[in-house]
Structure formats: structure tokens, C-alpha cells
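Chain U: place on chain F using the hints.
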Amino acid sequence: MNLLSNLDAVEAVTTVAEAAGESGGLSVEGPLVVAEFTIFGFDFVITESITVQWVVLIGLGLLFFVLGRNLKTNPDSKRQALAEMVVGMFCGLVNDTMGKKYSKYTPYMAALFFWSLGLSLSCLLGFRPPTSDFSVVFAWGMITFILIHRNRFKTGGLGGGLKSFTEPIFIMTPMNLLSELITPVSQSLRHFGNILAGLVIGGIVYWALEIFIKVPILIPVPFSLYFDIFSAVIQAFVFMTLTMVYVAMADCGPEEAE
Amino acid sequence: MDGRAFVLGMEVVGAGLALIAGIGPGIGQGFCGGKAVEAIGRQPEAGGVITRTMLIGDAVAESTGIYALVFALIVMFTNPFASKL
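From first to last, the protein sequence lines are chains F and U. In terms of numbering that gives the first Met the number 0, the first sequence is residues 0 to 257. In terms of numbering that gives the first Met the number 0, the second sequence is residues 0 to 84.
With the rest of the complex left out, here is chain U:
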């Protein structure tokens, strides 16, 4: 097995491992949605504001997942390490 093929394969493995970061935002957004449902159940008339706030919270919680995604895409499609060989 030549070095370039090994590094290419490892880059794809790395991209896959990077997406483990998706667990965090998943839990966070689930928590956020659950709490929003509780809040709307308690105070249905504030539903609009709660939904809006929930979406903002979701978006902010998503950041780390998006960073992981961007990293994985960089590693998969620009091959920064294999191109150095």
C-alpha cells in the first residue's frame, strides 16, 4: 500500500470521526425542543415567542456540529494532507 493511498483513506476516516461531533448538537437541540414544548404547554399564548427563541437556540447549538461538518468537508474534498505528499 503506498503512502498516498493510506493518507487518503485516513482522511476519509478522519472526516467520519469528525462527525461524531454531531452527537452534541443533537442532544442539545433535542433538549431545547423538549423544553420549548414544556413551555408552550404551560403557557400556550406565548407560543410564537417561544418558538422563535427556540429556533435561535437551536441555531446556536448547531454551531459545533457545523464546524465539524465544515472540517469534514475540507478533509474530504480538498485533501490537505495527501496533497502534501
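So that you can see chain F by itself, here it is in the shape it has in the complex:
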């Protein structure tokens, strides 16, 4: 299938470690392979992307454990006020974007946001951000894909769900199918491309400064602020919001009064 082979090519970007390296030039390295093993004939490769995800998972887990511990009805700590503010913000966001009946999606959307943000920001600790590995982000795209179609067939039933592919007229069916298939690819490519672009531009800036000035201080700061921090927040937010919009748009149940 053409789509899949294109994806392989994209993945190759992240796994290849070759550029004009012989002449001491710029090189973009893929994630390091930490371990390789075979179970029941399947090859498993543990890359840097996976180990960094473990680190971020533990970090975020501890953070939210501390935030959510020992809650009181009459809050008297700043910690609980912060936790309530974050939860309230995400509840409001999901209610505004998807509607009241989808409020059960709030935990997933908040998790997606903080997970993406945590992984992208892990580059500030010197890790290679796992979100610059297409496999990681494409997995989230596939989750979105499954959520979209689960919602479609749940709200419309089998008949209504299939019929929604023929909207607005029957001739549009191939176009609709194509756009459904391309949704997870385009959504995850956007996230991956932004973070990888930040990584590559950061690499170019450091490489150029090392050649021309020898002391790369202060000058990379605005680049890092924009490409690492701003871009990470925006992409996490955009990925979450697009997931919400796509899932809510797939609703083909009866229209309800607002």
C-alpha cells in the first residue's frame, strides 16, 4: 500500500544518521537504539524515544500524584487550588469545544495535552524529544482515528455511520474515505514536523555558532524559546484541540438543541 510505504520513508528520516558527516558538517541523528531483542519471532527495538517516555512518565506521574493527593472539601493549600484550576480549565475547554455530552473525554484530552507537552519539553533536559520520532506521534494519530470512528458508529449506528461517508452527495464517497484515512497522518505529521524542525534548526544554530563564534551562548536562547517551548505548547494544544474537533464532528446522531 502506497500510504504505508510513504510512512516508512518518513520514519527513515528519524532513524537515519547520515548527512555530509565526512566533512565535519551538520548531521541529524535519529533516536539511539538502546536494546534489541526477539520474542516469538517478533523483533522488538527499544529506542531512546521509549526510554525518555519512561522518564517523562515517571516525572508526570509523580507531579500529578503530588497534586492530587490529600484533597479537602474546603481547600486550604495552593497545591489544591492549582490542581482545581487545571482540571476546571480542561473541563471548560472540552465542554466548549465538544459539547456537554462529551465531558467524559476530558481525562483523555488533558492526558494527551500534558503527555505531548512533557515529551516535547523533555528536550530542555537534554533528551532527544520523543515527539520528534514519527512512530510516537503516529500512535496518537491512530488513537484519534479509532476514537473518531468509534464515535461515528456509536452515535449513528451501523447504517447512519456508513451513510455519513456519502455526505453531502453519493459521488463524494471516495473523497470522504480518503480524507478519513489521511486525517491521522496529517495530524501526526504536523506535530512531528514542528518538533523535528525545532530540533534541526537548533542543531543548525549550534553548529553554525561553533564554527563562527566558538562560544555558543545567549544567541540560541530566542531560537530555543520559540522552537522548543512555544512550539511545544502550541503543538500539544493543537493536537488536543484537533482530536476534540474531529471526534465531535464525527457525531452523526440526531441534532440536539443547544
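These aren't lab readings, by the way, just hints derived from the structure by calculation. Where hints are given, some of them may not hold.
[Claimed, not checked] Just a few of them, taken from the derived set where beta-carbon distance is under 7 Å, the chain U residues facing chain F:
id : residue
1  : LEU16
2  : ALA17
3  : LEU18
4  : ILE19
5  : THR63
6  : VAL69
[Unchecked claim] Cβ pair distances, simulated, as ranges:
id : chain 1 : residue 1 : chain 2 : residue 2 : range
7  : U       : SER82     : F       : GLU35     : 36 to 46 Å
8  : U       : GLY32     : F       : SER185    : 17 to 27 Å
9  : U       : GLY2      : F       : LEU180    : 30 to 40 Å
10 : U       : GLY25     : F       : THR72     : 15 to 25 Å
11 : F       : THR72     : U       : GLY32     : 19 to 29 Å
12 : F       : ARG149    : U       : VAL12     : 41 to 51 Å
13 : F       : SER185    : U       : GLY40     : 24 to 34 Å
14 : U       : VAL6      : F       : CYS90     : 14 to 24 Å
15 : U       : SER82     : F       : GLY158    : 42 to 52 Å
16 : F       : PRO221    : U       : GLY21     : 17 to 27 Å
17 : F       : PHE63     : U       : ASP1      : 54 to 64 Å
Note that the structure is predicted; figures quoted are calculated from it, not measured. Beta carbons are placed, not taken as given, at the ideal position from N, Cα and C, and that holds for glycine.
For chain U alone, kept in the frame of chain F given last:
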């Protein structure tokens, strides 16, 4: 000049040409931002919603630019054509 060097050079030229696609998203995002400023000027109390919608629009407009970037990176760093020689 041997064939491999020519193809390698042409790949880099191709990667550079691919980034011409950056013009489109640039114009689109500028338009998006400008309209958002107009909208906030007209209705400052809806600023939050407008900014949020603008960011989504920006991100979607950016797609084509990102595709071009991914293509350019593939061509530059995996050398798909030179490796066939």
C-alpha cells in the same frame, strides 16, 4: 563530475526548492492573524475564543509547509536517489 555527486547536489537543490512551499502557509497564517486582530478589535470580550480558533487555523494552514519540510528533510538526510546509484 561523477553521477553521484551530481545527484547529491541536485537533491539539495530540490530540498531548497521544496521549501518554496513555505510561501503559502506564510501568507495564509498572516491573513489568519490579521483577521483575528480585526475580530478582537471589533469584539475584545471574545478575545480568548478568537485566539484559540486562530491558533487552530494557523496549525491547519501550516500543514502544507510541514509536508514540504518533511519532504526536504527526507531528500537531504536519507538521499533516496543517490543511494540508488
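Q | Broken hints, by number | A | 1, 2, 3, 4, 5, 7, 10, 11 and 14
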